[in-house]
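Asker: Okay, here's what each chain looks like letter by letter:
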Amino acid sequence: MAVAASLFILLILIAAILAPVAATCDPSATDSRSVLTPPSKEHILGTDRLGRDIFSRTVYGARISLFIGFIAIGMAVLIGIFIGAMAGYYGGSIDTILMRFVDTMLCFPTIFLILAVISLLGPSIFNIMIVIGATNWMGIARLVRAQVLTLKERDFVAASKVMGAKDSWIILRHLIPNAIGPVLVSATLGIGGAILVESALSFLGIGVQPPTPSWGNILMDGRSTLGVAWWLTVFPGLFILFTVLSYNILGEALRDIAEPRLKR
Amino acid sequence: MKLHVNILEVKNLKIYFHTSDGIVKAVEDISFEIEKGKVFGIVGESGSGKTLTAVSILKLISWPGKIMGGKILFNETDLLTMDEKALNNIRGSKISLVFQEPASSFNPVFTIGEQIVETVLTHQGVSRSKAKEITFEYLKRCRIEEVKKTFYDYPHQLSGGTKQRAMIAMALVNSPELIILDEPTTALDATIQVQILDLLDEIIHKENLSILFISHNFGIIARMCGRVAVMHKGKIVECRDTKSLLINPKEQYTISLLESVKALSW
Chain A
1 MAVAASLFIL
11 LILIAAILAP
21 VAATCDPSAT
31 DSRSVLTPPS
41 KEHILGTDRL
51 GRDIFSRTVY
61 GARISLFIGF
71 IAIGMAVLIG
81 IFIGAMAGYY
91 GGSIDTILMR
101 FVDTMLCFPT
111 IFLILAVISL
121 LGPSIFNIMI
131 VIGATNWMGI
141 ARLVRAQVLT
151 LKERDFVAAS
161 KVMGAKDSWI
171 ILRHLIPNAI
181 GPVLVSATLG
191 IGGAILVESA
201 LSFLGIGVQP
211 PTPSWGNILM
221 DGRSTLGVAW
231 WLTVFPGLFI
241 LFTVLSYNIL
251 GEALRDIAEP
261 RLKR
Chain B
265 MKLHVNILEV
275 KNLKIYFHTS
285 DGIVKAVEDI
295 SFEIEKGKVF
305 GIVGESGSGK
315 TLTAVSILKL
325 ISWPGKIMGG
335 KILFNETDLL
345 TMDEKALNNI
355 RGSKISLVFQ
365 EPASSFNPVF
375 TIGEQIVETV
385 LTHQGVSRSK
395 AKEITFEYLK
405 RCRIEEVKKT
415 FYDYPHQLSG
425 GTKQRAMIAM
435 ALVNSPELII
445 LDEPTTALDA
455 TIQVQILDLL
465 DEIIHKENLS
475 ILFISHNFGI
485 IARMCGRVAV
495 MHKGKIVECR
505 DTKSLLINPK
515 EQYTISLLES
525 VKALSW
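If you're matching them up, the sequences are chains A and B in order.
Just so we're aligned, residue 1 is where the first sequence starts under my numbering, counting upward by one.
Just so we're aligned, residue 265 is where the second sequence starts under my numbering, counting upward by one.
Just chain A, same shape as in the assembly (with noise of 0.2 Å):
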């Protein structure tokens, strides 16, 4: 399972990256001759109302949809390892300021407050990640901060004071690269989310804005004609749907490997 996970989204990152090579067609290139044409040998997916081919659009709206995804949770990571190691390593009144903090983010429903957000800032794909990682880094920072919390009393730790260390020396080297193995594993896992929430978003019409596709808007796009074309919202569908339970695969066989007394 995990094999094939992986190697589905190897599949879809190549795709991503290589999208002018991969597709067929001009994503963008309407063509009022072939009208949303079912699947066929010059369209393998179909085309839409505007005659543009849906496999195009797939590749290029994956590049748009998984560039949001790792870039958020990226953010995410990156600043929940940054308050958790903060949190834990300096303890007392700034782990209790910082804490409730994070208890304060996790109150708020992520898309209600997403949604106050893009409509205040107006919707664009900068605008997504950033939100997207700024509601996504508070699992992360109490994971740090729990294994901060029992890695600083570990003689290295202790060891690198006396060799005359400084804090920031002690994080990051010593902590951090300790402290990294469940972070990966809810960053694998967050990715995932953070591409249905990026869908979910653009499927609204608040999220990546047409004519640049990504795969809730080409969702979206199809909805009014699902009676008559159903390759419109099939096929995007079914990438989302596999790419979220490939990421969510490889989170959990990388759990397995990072926690063995977890698996069944």
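Hint data in this document are derived by calculation from the structure and do not stem from the laboratory.
Treat each hint with caution, since some may be false.
As a list, the in silico SDA-like pairs of lysine to any residue whose alpha-carbon atoms are at most 25 Å apart [unchecked claim]:
#, chain 1, residue 1, chain 2, residue 2
1, A, K152, B, L324
2, A, K152, B, K323
3, B, K396, A, A158
4, B, K349, A, G92
5, B, K394, A, M86
6, A, K166, B, P328
7, B, K330, A, L11
8, B, K413, A, K166
Selected chain A positions facing chain B (in silico; Cβ < 10 Å) [to be verified]:
#, residue
9, K161
10, R173
11, A253
Don't be surprised by glycine CBs; every beta carbon is placed ideally from N, CA and C.
Use these hints to put chain B onto chain A, whose structure you have.
Answerer: Just chain B, lined up with the frame of chain A:
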């Protein structure tokens, strides 16, 4: 010119722990001095404050423990009044420490060599390749076979004895003036203990090091230390020349401690 130069003088040191049940006096008013080039031992049972004393010399006591008074003079400057930055320059370069547990004293995600090289780079303004050279030299000096392999090994790939040798190499690498050995052989089995003690003996005499040697083992103290202090419940019970203390103990506690050793070897 003074005849005896003291590298370290601890005067009336007090370390208290502030707990919810009140103040625990972990170290109560102890004083001792270490002469340059000599090995000074602290012996005592678990919980007598030996390690705490050692750690306090580098001012590495964390809350709820606190140094409540006294002076720690290193080369006649008081370490307790120094700021963190100045202390970091002393830690590892002028004073270094070897812990009891070699298994957990190295960071598991980096190679042994890398960690020693970093210690060199922290305190000596040398290039990375020069630091590597120095590391090789000290690993060799600590009688590690297959220096190259050990350098690139991760901590879990080495035996406890080799790890402790590497730890000693790391403590020596910046040529410190004082080395604190906190039960350096306690976690090792008997044959390895002897090897490590031989190595320490050899290095101490060759390099003329000043050592604070902490142990609960009278046999090791007798072998290694010129002078020794017996600690009990945070106080120094007796502090004298090792030979005269062993032959002719004055305090009741020292006598009973020595009795227990005899009972064991019987």
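Asker: A separate judgement is required for each hint: does it hold in the structure or not?
Answerer: How the hints compare with the structure:
Between K152(A) and L324(B) the CA atoms are separated by roughly 13 Å; this keeps the pair inside 25 Å, and the hint holds. A distance of roughly 17 Å separates the Cα atoms of K152(A) and K323(B); the hinted pair therefore holds under the 25 Å criterion. Only pairs whose Cα atoms come within 25 Å are accepted, and K396(B) paired with A158(A) is accepted, the gap being roughly 23 Å. Using a Cα cut-off of 25 Å, the hinted pair K349(B) and G92(A) holds, with the two alpha carbons roughly 22 Å apart.
Restraint check: the Cα-Cα separation between K394(B) and M86(A) comes to about 34 Å, which exceeds 25 Å; the hinted pair is violated. Taken as a hint, the K166(A) and P328(B) pair is honoured in the structure, with Cα atoms around 21 Å apart against an allowance of 25 Å. The suggested pairing of K330(B) with L11(A) is violated, with an alpha-carbon distance near 59 Å, which exceeds 25 Å. For the given pair, K413(B) sits about 29 Å from K166(A) by alpha-carbon distance, which is inconsistent with the 25 Å threshold.
Restraint check, K161(A) versus chain B: the minimum CB separation of about 6 Å is within 10 Å; hint holds. Contact between R173(A) and chain B, as hinted, is supported at the beta carbon level, the nearest pair being about 7 Å apart and thus within 10 Å. With a cut of 10 Å, the hint placing A253(A) at the interface with chain B is violated, because the nearest CB-to-CB distance is about 21 Å.
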